[in-house]
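S.K.: Residues per chain are reported as follows:
Protein chains: 2
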Amino acid sequence: MANKYVYSFEEGTKDMKNLLGGKGANLGEMTNIGLSVPAGFTLTTETCTEFFEKDEKLWSELLDEIYLNMEELERKTGKKFSDSANPLLVSVRSGAVTSMPGMMDTILNLGLNDISVKGLAKLTSNEKFAYDSYRRFIQMFSDVAMNIPKVRFDMLLNSIKQEKGTELDKDLQAEDLKRLVQGYKKIYLDEMGEEFPQDPKEQLKLSIEAVFASWNNPRAIVYRKLNDIPDELGTAVNIQSMVFGNMGKTSGTGVAFTRNPSNGENQLYGEYLIDAQGEDVVAGIRTPEEISHLKDQMPQVYEEFLKSTELLEKHYKDMQDIEFTIENGKLYFLQTRNGKRTAQAGINIAVDLVEEGLLTREEGIMSINPNDLNQLLHPAFDKKDLENAKRIAKGLSASPGASTGRIYFNSEDLLSAKGRGEKCILVRQETSPEDIEGMISAEGILTSRGGMTSHAAVVARGMGKCCIAGCTEIRVDEAEKIIIAEGKTYKEGDVISLDGETGIVYSGEIKKAQPELGEKFQKFMTWVDEIKELGIRTNADTPKELLQAVEFGAEGVGLCRTEHMFFNLERLPAVRKMILAKDFVERQEALKELLSVQREDFHELFKAVGDKPITIRLLDPPLHEFLPHSDEDRINTSTLMKIDLKELESRIESLSEVNPMLGHRGCRLAVTYPEIYRMQARAIVEAALDVKAEAENLNAPEIMIPLVSHIKELEYVKGQVVEEIEAVFRERNERIKYIIGTMIEVPRAALTADEIAREAEFFSFGTNDLTQMGFGFSRDDSGKFLSEYMDKKILDYDPFQRIDQKGIGKLMEIAVDLGKETRPDIQLGICGEHGGEPTSVEFCHKLGLHYVSCSPYRVPIARLAAAQAVIVN
Amino acid sequence: MANKYVYSFEEGTKDMKNLLGGKGANLGEMTNIGLSVPAGFTLTTETCTEFFEKDEKLWSELLDEIYLNMEELERKTGKKFSDSANPLLVSVRSGAVTSMPGMMDTILNLGLNDISVKGLAKLTSNEKFAYDSYRRFIQMFSDVAMNIPKVRFDMLLNSIKQEKGTELDKDLQAEDLKRLVQGYKKIYLDEMGEEFPQDPKEQLKLSIEAVFASWNNPRAIVYRKLNDIPDELGTAVNIQSMVFGNMGKTSGTGVAFTRNPSNGENQLYGEYLIDAQGEDVVAGIRTPEEISHLKDQMPQVYEEFLKSTELLEKHYKDMQDIEFTIENGKLYFLQTRNGKRTAQAGINIAVDLVEEGLLTREEGIMSINPNDLNQLLHPAFDKKDLENAKRIAKGLSASPGASTGRIYFNSEDLLSAKGRGEKCILVRQETSPEDIEGMISAEGILTSRGGMTSHAAVVARGMGKCCIAGCTEIRVDEAEKIIIAEGKTYKEGDVISLDGETGIVYSGEIKKAQPELGEKFQKFMTWVDEIKELGIRTNADTPKELLQAVEFGAEGVGLCRTEHMFFNLERLPAVRKMILAKDFVERQEALKELLSVQREDFHELFKAVGDKPITIRLLDPPLHEFLPHSDEDRINTSTLMKIDLKELESRIESLSEVNPMLGHRGCRLAVTYPEIYRMQARAIVEAALDVKAEAENLNAPEIMIPLVSHIKELEYVKGQVVEEIEAVFRERNERIKYIIGTMIEVPRAALTADEIAREAEFFSFGTNDLTQMGFGFSRDDSGKFLSEYMDKKILDYDPFQRIDQKGIGKLMEIAVDLGKETRPDIQLGICGEHGGEPTSVEFCHKLGLHYVSCSPYRVPIARLAAAQAVIVN
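The listed protein sequences correspond, in order, to chains A and B. Under my numbering, the first residue of the first sequence carries the number 68, and numbering increases by one thereafter. Under my numbering, the first residue of the second sequence carries the number 68, and numbering increases by one thereafter.
Hints in this document: simulated from the structure, not taken from any laboratory. Please note that a few of the clues may not be correct.
Put simply, identical chains are the same to the list, so a pair is met inside one copy or across any two.
Claimed, not checked - Subject to a maximum C-alpha distance of 25 Å in a straight line, what follows is the list of computed DSS-like cross-link-like pairs (lysine-lysine):
| id | residue 1 | residue 2 |
| --- | --- | --- |
| 1 | K121 | K873 |
| 2 | K457 | K859 |
| 3 | K779 | K859 |
| 4 | K873 | K649 |
| 5 | K587 | K272 |
| 6 | K851 | K713 |
Isolated chain A (complex conformation):
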């Protein structure tokens, strides 16, 4: 055979997607595994290509093959085209290699004509249905195949409805519909100069031509361009016999899941209607019955159904979402696909499928989207309640969870409201370290500015607290203590709800559900850990965060930010004293005070972390972040510190910066004030010695110097730190092991990592800053335009959420290669916010990093992503 244009479903398999299109291959597959699928055949994509070469007309050789298959179809179904007793009707559908939903044309009920419409009426005992189907077919065919303006049909329909005094199509009776069919046929004759084709062969030929041609309709072309689908691929066309569930008491239609999609229980789950079409189930006029009732109503069908679902799960190795129709006691499967499910169900089903032997552990692990675990770790709003809630605005889903509370606009107000027993939401334009206490006490956090890595977002994720950031649709007036959204004003004390999963802010309270982590989840994560190669650490600044993370499976701390210890309200005065010191002596005094509290901090942390590794980053933010921002706070500080207010303001002014992100911070502070890092180094080592003396196991502390851009910066600062540490060792006459490394977060450091590695025993990628500097995007400001970037498809995703592998990833690659050149065993990790994002975790795995570090609540996600990275690479 020179050219085979047509494949019956029996001839297709899922591997023939390129030739038969996605839908065609799937119908073939279903047929071949023995499911009862309405019979049909597929015209190949190659046919489509040839069709366009032949001026968009079907040719005789092809038509012969089609008609042969039509005859075969009549044979298989026992129905006949144009038959007044048992008419064969078919659908004509496009089916490209890559799904292009809704982009191309479809024709249903082909085969209806003046004769077969009577057959259909008889079979369904429903004249109204039959004529409605016929009039729809005429309209669809006229539109799609003949390009007759739809408006002509609509006008006629409307005039009849008007005449009958009704507004809905469904109120028309059989007689009206018959009249409509007459009218439609007249329009056709009018427009085309010939009668509406009664010959199903003719109908089919014209319909196939129309569906092929729709490959090149404008919306399909645009869609392909947007999605990088080549124009020359072409589409396949599927011709499938139609089945009807409305042929009486032994017919019906329904949908089912092979397992329970909300909890994963291994039990058939679904519903059906007797003597009904698919639309009837959706319309919700009649109440469907539970699938289990089918057992009584049609035991044979139910039997077959059960067998088929088993077959399906074995074959597709996943829970299936099925559409089926029963026509005169015969069961047909119209569609099957992997069913959507809740995260909890997902885990449970995966574990069951593995234990049932249907999936390997690897397949089970691959079946879960790591991000879905968020649902498992955080409370969520009740879905029903959510549907009725009043939406105020949408921002960035900065930290998952769900929370309801009264709004307060600063820490002080919030703390006293909480003291009164209220549940509170902290609302700010953006948060700063001064707001920490309020954030701790709040149920959730809402900011009108800032992106996914803004202060609010990072801190909230660390706390596992719901946060919506960068909600530019609202205006926050902190002075007036109001939110303005779409002209409406929300005052202090008003109740709102935040959905951290979607970023939507609602007014009023919404019911919540708290998730539970079951046994199966634990089992699943054990499998995950056995497979993954990356270490998973956490970003944690307090023992509480650390212990939460360990519970979630963290294997150590990849980032302990010491500045968060400084922001504690009790310590802030000493910190400010240090910053505002007029000279070295005053600064030393303040540092002495800080030394003892920092030593305590580290002591607690070391005891909590035990023998797991911990990386401590020395002070990073610019000093002005610690100084009072509000007038009130300035006055208080001036009194407390006995500094003239004007003098204080002038010091604050002189420390202020145009671009603090690129300013005097990180190791640059230590170049100017080495004594700050020396104090921190001393606190770390003294605490470590104390903990060791208490006979606790302790890993060598990893001291991390941030924001290095040049080897000589690191040399200088490391020199200071080592000198202080050695002094402690001499004083105590005792040593411990420690290692010193650096963040790679400045592009220049990545580009000169071979030099940097001479001094650094480890690298930890700070991909937040690397993204900020690599793109030149301020994380605090880019929220304003990044959404536009995504709308306009300039960026496919927010690079602060996912590592931009082409640009920022290239910097990381360069740094890894150069670093290893100098120090082949250099320890490599990442502690940027990306450390808990699945595609970024996979990238880190491929880069050969040793660990990723992320906020506690993302640890399980990172673990799963790390395991998946091993499996797919």
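With chain A's structure known, arrange chain B on it following the hints.
M.R.: Coordinates of chain B only, in the frame set by chain A:
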């Protein structure tokens, strides 16, 4: 001979620096070209190494060689050690391979003892001189060779001075000095337990050991560490016979330049004193005579002097700075080196030397330091006046020149003072675009903040106006209109002077000299242009700047910043209207207004630039820069624009950014508001069509899209620009050529330059921003800590002044390589501030860029640097 430790000067040449040290090799060279140099010999650096291996003692084999050379020295000079009639005295000096000025020890007048001091007294007819020399020798020897505390000698000297009632050494008489010698010798005996050595051989042995040993004195070790000089090199030691110019009427001493160092005239220039020592010339008690008088006083010596200077210039191929002594009618050259000169003299001498055939053009070109041209292009303060001026503070020499004027603290005050005929200096904490009018009218600009690439610095350089930026030693209170420096206050209207060359601020007026560019300068620059390969363009925003630059040799415009056109006071209202527009329609109206003025701007620019290339950068700064900053300006704007003040403030607030450097600017603006770039593109093309219609030659305008970080940004924005341009072509039914390219100023753009080059027809490196983002240094804030970085030798130079080749240069290299991969003929240039800095220009040459672009006044510097880059590479 197994080991040769000692070389007579006759055996040395300048190529033997490694063996004989710099000074030894130089003395050898001078001797060998036939100059009369006081005889002597050199102990090699290898001797030094062996000396340290032998426990810092001279060994017999070496001593034998030294004494042999001493005898030879006596023979050559006709003098004898320890002689009462004609004693030989020598100096013992260190001389390392790399000069370490002042770091090691020297002993003079060695050979003096109780006998030879009498011979010296007789020969010079000056007992006082002889005994003074003797007592100095004893003290120096005791200190250097014997480590006897200097304080003992000083105490004795003081007691004798007290006794004589005098404060100055020179008031002591011969008898006093004889007593001092006795006393010094007693101290020596006291300390050492033996007499002061009378044997010159013994003196020499101990002195050589001391000078060798001084290689390892602490200050020498520190100096070597700081300057990366290896410790194992060692030093040579030079023993040279001393000559005396104070031996009567046929003796004398002086200094001379072979040409005039202040204007370059080819005429001997210098002065001398008869019967005097070198100190006498420096002391200035007697007035030296002009060198030409020597012709009459000692015609033969003068003859020899002339011949020798000719010899010297031929040999060293440069103007020489000579120290000489005449001893009893015999001329000796003590030192010769290339003479320091003014920039103007430098050029004139170089041109003369080339025309005299002494230098090739290349050598002539290499003899000028490009940065010295600044002196030629800008006025400078009178040197004498400068010495007496009162220094207020020192800042960054942001833009060269010299200016004096009354201080004003804002544009308005300054403009009205200027209206009264005053010369004014604008003083600000930092300037912003709002200050432009004041900057234009000021003589000079002083800011207390901001670095070498701050707004003030960049704009001032563009204007060729003197500017001192980042002067952190002063505090500027703009509200009170005062400067506070070291406790002193300077009020509005006070006169100060700015030296842009040194960054020093003076109080009061200082006289100025205006430079002239002579014929020789023009000739020199012609040679430069013949050799250089890089094109030199200029950064110019106005026809005035452009014409100035062309006069300085600019070959086109590499950067025309369109925002500077927006800051014009007359246009600001329209710009603000555009920014504050509530919707697309309002914005369109404002843009229409701007279109017509922008069209005019470009029209003028195109006419000025003629057939030279011009690169126009579309709007770059964040919009909030254009909005009113001061309360007063806000109120005015609110009235003018009929916007509620509160509404205005809320708009300004909503546009404000945490890190504007990394904010909503550059092409990001055009992603949000494509209509702004479309307006600019239309203005450019309409103006070009108009100019073409006037039958002017015009190059294809180069349209530059700034701040691109991602290929899709460029695709989108370029798409908008091209669409608008094509619309203009259709409307006018006429086309012109144009090209579209981008800045490479964001690290990610450099890293993905292969992609970017698909859309960009040219790259222009924006190394300011590339440095900011590559290092993570805000140019506005880093001034505060960068000086500490340089003090601590963490950075060798300010990376905003010179390209950091290892890091930022690497990004450029990556971008060049990737860009050429995609588009081999891509046009490559640089328009950052580095484009006029010589080492950066050389780097750009090596990178293979096609041109550099810099501010007008740096164009000649860039030309010269470009020529030098060709010669040395």
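S.K.: Going back to the hint list, which numbers does this structure go against?
M.R.: 1, 2, 4 and 5
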